[in-house]
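Using the hints, put the two standalone chains together into the complex.
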Amino acid sequence: MIAAGDHQAFREIYDRYYKRIYLYSYRLLGEGEGAKEVANEVMLEIWRGAKRFRGESKPSTWMFGIAVNKVRKKIKGKLPPYEDLESVGEEAGERSAPDTATYQSELRERMRTAINSLSREHREVLDMTYYQGLSIKEIAAIMGCPANTVKTRMFYARKRLGGILQHMGIGGEA
Amino acid sequence: MKPNKDTAGRCPEGMDLLLPWYLNRTLEKTEHETVKKHLRSCSICQEEFAAIKREQKGYQAIAEEVPVPQTFPHLMAEIEKRERTIWGRIAALIPRPQPTFAAALIATQFIVIVGLVGLLALNPWGAGERFYRTLSGPAAIESNGPRLSILFQDGVQEKTAREVILEINGTIVRGPSPLGVYTVELPSEMNPEELQGVIASLRHKGDIIRFVEVEEG
Chain A
65 MIAAGDHQAF REIYDRYYKR IYLYSYRLLG EGEGAKEVAN EVMLEIWRGA KRFRGESKPS
125 TWMFGIAVNK VRKKIKGKLP PYEDLESVGE EAGERSAPDT ATYQSELRER MRTAINSLSR
185 EHREVLDMTY YQGLSIKEIA AIMGCPANTV KTRMFYARKR LGGILQHMGI GGEA
Chain B
14 MKPNKDTAGR CPEGMDLLLP WYLNRTLEKT EHETVKKHLR SCSICQEEFA AIKREQKGYQ
74 AIAEEVPVPQ TFPHLMAEIE KRERTIWGRI AALIPRPQPT FAAALIATQF IVIVGLVGLL
134 ALNPWGAGER FYRTLSGPAA IESNGPRLSI LFQDGVQEKT AREVILEING TIVRGPSPLG
194 VYTVELPSEM NPEELQGVIA SLRHKGDIIR FVEVEEG
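Those sequence lines, one after another, are chains A and B.
Going by the working numbering, the first sequence opens with residue 65, and the numbers climb by one from there.
Going by the working numbering, the second sequence opens with residue 14, and the numbers climb by one from there.
Any given hint could turn out to be false.
[To be verified] Straight line, CA to CA, 27 Å or less: simulated DSSO-like cross-link-like pairs of lysine-lysine:
#, chain 1, residue 1, chain 2, residue 2
1, B, K70, A, K122
2, A, K137, A, K215
3, B, K42, A, K201
4, A, K137, A, K201
5, B, K50, A, K201
6, A, K100, B, K94
None of these hints come from the bench; they were simulated from the model.
Bound-form chain B, shown alone (with noise of 0.2 Å):
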């Protein structure tokens, strides 16, 4: 480095610069001891080094000499003044802020909950469907299988009826009726074969059937 008036007396490697802060011990571990190291050789901040421990020194001096006023009471009640007014309090309700890992898991369970709440509306998989089929759906009423007419025996029970109907794969598309007719409708690709073969095993379930017909039309 060429000396001019500006740098003149600086230390050629710039070490002066750190000196500061190699007194007030804040400097990196290596920069530390590369600026120890380098005090021992060099007389510019040998210098400077003694000039920069007078001057802290006589700041220190000067500093300590003012009086500090204890004004812990009054902050206090400036505080409580600011938290008695209605924002104060207001305020006083907001939560206070979680630590890190607290806010991380309360922002994962506000995702997940809007994401289920997403998919339960959107319901891409038709799991409704897929997973609780009633006896009576709509997707059945618009087809196009055969209908019966089943009447059950008095005091047979619904668990019983139903067990019947999923039986024959049939759905519910009227009644009971207040005679007690249920219309059941079965799968549209059923033959003529496959149809008399249903209403035979229908006929000679006897004790819970009581009659059992194609509906006509």
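Extracted from the complex, chain A is given alone in its bound form (with noise of 0.2 Å):
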């Protein structure tokens, strides 16, 4: 419908996936201008390429593979992700202690904390697992490594945000 320059199927995709992929992009980027740059770029992508779309994998995971080198692109341009894990530790100390009204919301500041501080690739796995709810395959599929590398990838994604979790203080506990 979309490849025949339908502006209601194209507002229906935008209902259904704009808001995924804003936040998938939030997330890896960490802030909200360039998630929104790369939300919009991936809309148009979509408009201008449907016609390329052959159906060979569901439209989600076509729109997701736009986005994931979308902001493949963006971290390029920018310095690494990484933070340091000694100063997670430190920052994490600074924060206020468990029977404080605040320890939810300080918890989730340090869950985000946490994720802010893997890798990409670890970030990727993570949010389309948890967050997307794609398959093993279709994850595979938009990050274009075998299965396998998938299941690995996540079971390291999970140990490492454990470990800083419980640098944190908070020993793994979301």
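Quick look at the structure:
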């Protein structure tokens, strides 16, 4: 439908995927302006490229494939996303104790900090699994790697995330 | 599997690697059932699964907090702006992709048309000669059969003249002259007796043919 230039069909795709793509970009890039830019570029690419889409994969896989590539390009032009583990720990140590009223929000903030300190590949696989709800096969297609790599990458992403959270004094509990 | 520093805590059967996708329910049905069954008896996987559930919950909680901008009007304006450019208009003229069946049909039609045009151009069976033969074709002019000069009666229709020439298996090689004389060539294998027979039969058609003679030379 979009391939035929149907604006209404495009609106439906926008309503269905824009938020997911924006949030994915946001979590990977860590800032809203870049995420908005990427999400808009992805939507324009979907509009322009719909005629090239051959239906060999699910539309969502195709769209996230575009998003992943655009985010990767964007990240390339920025400083490395890794944060120094020591500084993460120090920062966490300054935070309030679990018995305060803002404990939950502190916990979320720490979680966010921990995720931001992961590598791009680890953030990608965590996001696609935990938030996007994609299958191993879909993630492998989007990331362009074998299914086994997806499984081990997820394992190490979780392991590293747990380690960071532990370092922050919250023992992997989110 | 021998545990080491890196793999410690992992399920010996490696099932823990599948747990995140067991949770998001995207495993194949058989795989899902295998993990489900395994979870009942593996304490390592039970612990891992509980941790994964916590992680996912925490992950989704922080993800949902971010406000999402509404950019659809801006996107549509951008699309319309691009389509208004010359290239955009040209691109709009290019037909959009067809469904696979329609595309296959168009491709088949194209191949058939090209094939037929090629066939007509090459004419491998001499189809024109076989199905449509003129009474004054160049092939006949090259032969060496006996030739007759024939003058038809006034008022004889072309159709009748044609029937007479076809009857004797002749080919017009010249004519009609200003006086209405046709030069008709007969098959080269015709012997003198047969030729005389043909001439006699033609002369017998007095109401159609005014005269008939063997062309000299």
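Worksheet entry | K137(A) paired with K201(A) [C-alpha distance capped at 27 Å] | 23 Å, holds
Item to complete: Please work out if K100(A) and K94(B) have their alpha carbons no farther apart than 27 Å.
Response: Holds - the C-alpha atoms of K94(B) and K100(A) are around 19 Å apart, at most 27 Å.
Fill in: 27 Å Cα cutoff - pair K70(B), K122(A)
OK: K70(B) and K122(A) at ~26 Å, within 27 Å.
Worksheet item: Does the alpha-carbon distance linking K137(A) and K215(A) stay inside the 27 Å limit?
Response: Measuring from Cα to Cα gives roughly 24 Å; hence the hint holds.
Worksheet item: Are the Cα atoms of K42(B) and K201(A) separated by 27 Å or less?
Response: Holds, because 14 Å separates the two Cα atoms, which is no more than 27 Å.
Worksheet item: Taken at face value, is the distance from the CA of K201(A) to the CA of K50(B) at most 27 Å?
Response: 22 Å, holds
In this structure, none of the earlier numbered hints is contradicted; all agree with it.
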